[in-house]
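Student: Let's have the full structure, built from the sequences with the hints guiding it.
Number of protein chains: 2
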Amino acid sequence: MKTKDKIILAALDLFNEKGERNISTNHIAAHLNISPGNLYYHFRNKSDIIYEIFKSYELLVDTYLHISSDQEIKIPDLIAYLDAVFNGLWAYRFFHRDLEHLLDSDPRLQEDYREFTFRCLKGIQSIVNAMKESKIYQPLSASQIRTKSLNVWLIVTNWMTYLKTIQADEGSHNEVYNRKCIQHGVYLVLDFVIPYLYEDKRALAIEYQEKYRFDEVESSI
Amino acid sequence: MKTKDKIILAALDLFNEKGERNISTNHIAAHLNISPGNLYYHFRNKSDIIYEIFKSYELLVDTYLHISSDQEIKIPDLIAYLDAVFNGLWAYRFFHRDLEHLLDSDPRLQEDYREFTFRCLKGIQSIVNAMKESKIYQPLSASQIRTKSLNVWLIVTNWMTYLKTIQADEGSHNEVYNRKCIQHGVYLVLDFVIPYLYEDKRALAIEYQEKYRFDEVESSI
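Quick note, the sequences are listed as chains A and B, same order.
Per our numbering: the first sequence = residues 82 to 302.
Per our numbering: the second sequence = residues 82 to 302.
It is worth saying that the hints were derived from the structure and are not from the lab.
Computed from a predicted model, the values in this text were never measured in an experiment.
Treat the hints with care, since some could be wrong.
For chains that are exact copies, the list does not tell them apart, and a pair is met inside one copy or across any two.
[Unchecked claim] Below, computed lysine to aspartate or glutamate pairings styled on EDC-like, alpha-carbon distance capped at 20 Å:
no. : residue 1 : residue 2
1   : K216      : E153
2   : K245      : E192
3   : K245      : D185
4   : K245      : E181
5   : K203      : E297
6   : K245      : D193
7   : K99       : E181
8   : K245      : E196
9   : K203      : E299
10  : K203      : D296
11  : K213      : D272
12  : K203      : D164
13  : K261      : D94
14  : K261      : D296
15  : K136      : E196
16  : K292      : D158
Tutor: Spelled out as structure tokens, the structure:
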């Protein structure tokens, strides 16, 4: 692996584990046993590393939100999409955990994230539309699809912020617990989606939904 | 009006209009034609002013989320609740527009906001429950009500962050436009709630919902 890629991966791991604000370029270099000078040869500063990480996150999300217009979608496909989305959130969790701060620190990232948001919303709409064409989703107008896609986006992107808000101490739980918390997001999105499925499809969707349920995260409410 | 209250009101206006980060205690004092010393007599620093503003916001929200267990709720009551919630968001819009930053800057606010979140979620649950008892909302289990209340909370609290993300330039629109954007949040929450109303109640809810629709905010999607 190239040093540049090693730096990105190490930074992502450290940011996810310790929080981006607690990790300096020196920490990253020390973690890789390379000199700070070697790191600066590849990246001017921490912002540039974060920006590269965002670019790879963006690529990942763009890949799974891109579907061809005649693609058939069945319930397991819908579940696979949602699973992938929340796996992405987990893999890049430092990013959504501190989104506002990161966007405030880098105008380039702010602009790119804005475009990314619009692309994601269009991607969600095309998936809902394909579900409608595949006769698992009830007929909705283009405007209704747009509104519902927006609500799904609001739930997905706020889930990490919510978890951060309610956890008095981020380090108080282990990784398995934290991962289950994030995956409960699939449960929440399905709760929103299921009423619009055709009645004969709902039982299967509910069966899948139960696998993502993590009662502990709601029990404090 | 007491000087202390004048300071809080002036700060709220200035924060909403110009953004909290662009306003110092000196700006607030100048705006009120009082000396910085006079302001410091009432508040040690800007954090203390923000904290007082949060306390009044909290009081407002607590008031309208508190309902007695036998209160009957009809569709107009539901609309009035949502209207009040989004009016509150508008009146204290600087707060949700920059929530993460504010919570990061003040551990006392962070802790209070966490408790506030839990109280709001319980408040939403009691409203959903009262709607069920009033026979406008379909029967749901306690766990389903909890999940749906959480989704409503995620939509409401993320709406302001979303608007901030998609607006390239915050000052590019006038106040009427910005207010309509926020009120579109009522439309979004109703989109989530309406499928669970009894069928004979839906038409009235949709009629109300249309009044909050602001297509411009979705047209860029």
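Student: So which of those numbered hints doesn't the model satisfy?
Tutor: Those not satisfied: there are none.
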